[in-house]
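Following the hints, complete the assembly by docking chain B onto the known chain A.
There are 2 protein chains.
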Amino acid sequence: MTRGLLLFAHGARDPRWALPFEAIVQRIAARAPGLPVRLAFLEFMAPTLPEAGDALVAQGCDEIEVVPLFLGAGGHVRKDLPELLARLRQAHPGSTWLLRPAIGEVDSVVDAMARAALGHSN
Amino acid sequence: MTRGLLLFAHGARDPRWALPFEAIVQRIAARAPGLPVRLAFLEFMAPTLPEAGDALVAQGCDEIEVVPLFLGAGGHVRKDLPELLARLRQAHPGSTWLLRPAIGEVDSVVDAMARAALGHSN
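Protein sequence lines, in the order shown, are assigned to chains A and B. In terms of the working numbering, the first sequence opens at residue 1 and continues consecutively. In terms of the working numbering, the second sequence opens at residue 123 and continues consecutively.
The following block holds chain A by itself, in its conformation from the complex (with noise of 0.2 angstroms):
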């Protein structure tokens, strides 16, 4: 079983709102070196969730972790993912595809989101 990870992003014409989710995917290589990890955008930005899905399986990962880079699961994360997703199950039959929550919905990413609202870095 070889594992990867899948970071789904929205997307936005400002090519500087990618930084914070490019600096996760940096932080990511730092903590887990070997784990192939691509990041994919909804809309405005490129690779799409099928295409950096493709590239996991092409490099040979059989088990995706899908993790939306959202703050809350609205229609994005509850409708447009799914269906992205589906595509990527049906053209990969091979590959174990699994959806966890919305980033911003973890315990601990809501807790630094609150400390650093407060102005409190850590």
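Please keep in mind that the hints were generated in silico from the structure rather than gathered at the bench. It is possible that part of the hints are untrue.
[Unchecked claim] Okay, the calculated beta carbon distance ranges per label pair: (1) A:A86 to B:P169: 45 to 53 angstroms; (2) A:D54 to B:T218: 48 to 56 angstroms; (3) B:T218 to A:R16: 22 to 30 angstroms; (4) A:E22 to B:K201: 45 to 53 angstroms; (5) A:Q90 to B:E185: 20 to 28 angstroms; (6) A:P15 to B:A213: 31 to 39 angstroms; (7) B:R209 to A:R87: 24 to 32 angstroms; (8) B:E185 to A:P50: 45 to 53 angstroms; (9) B:A180 to A:G119: 34 to 42 angstroms.
[As the list claims (entries may be wrong)] One side of the interface only, derived from the structure: several residues of chain B facing chain A at Cβ under 8 angstroms: (10) L193; (11) D202; (12) L203; (13) L207; (14) A238.
Just so it is clear, CB atoms sit at the ideal spot from N, CA and C, and this is done for glycine as well.
Here is chain B on its own, set in the frame of chain A:
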């Protein structure tokens, strides 16, 4: 000088989308019980930023920190938010309005998201 915290999020049609944002407010209230905090939305949800800002001033706040609860800083943070903030500054010249960086650009939050994406809770 009475400090207040104004948290600015995007908003969505699905009311469940707001859950992590409400959790942040609760976490802040637990950490800083006396601090006035209001959550405001760009669209789909109430109150708006001007409404929530008015409420903080009515509550006696004259130094208000505005924290964008956005992962990336694109058009909403770089263009829409400063325009809304200009309205508040004009309506309440006796208060200081400080614009903070997008929450997703804060290093400790990037770190928490990277750990959470890897499946580590702390």
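Structure-based check of each hint:
no., hint, result
1, A:A86 to B:P169: 45 to 53 angstroms, "violated, 37 angstroms"
2, A:D54 to B:T218: 48 to 56 angstroms, "holds, 51 angstroms"
3, B:T218 to A:R16: 22 to 30 angstroms, "holds, 26 angstroms"
4, A:E22 to B:K201: 45 to 53 angstroms, "violated, 22 angstroms"
5, A:Q90 to B:E185: 20 to 28 angstroms, "violated, 55 angstroms"
6, A:P15 to B:A213: 31 to 39 angstroms, "holds, 34 angstroms"
7, B:R209 to A:R87: 24 to 32 angstroms, "violated, 43 angstroms"
8, B:E185 to A:P50: 45 to 53 angstroms, "holds, 48 angstroms"
9, B:A180 to A:G119: 34 to 42 angstroms, "violated, 23 angstroms"
10, L193, "holds, 6 angstroms"
11, D202, "violated, 12 angstroms"
12, L203, "violated, 13 angstroms"
13, L207, "violated, 16 angstroms"
14, A238, "holds, 4 angstroms"
In summary, the structure is inconsistent with hints 1, 4, 5, 7, 9, 11, 12, 13 from the numbered list given earlier, while agreeing with the others.
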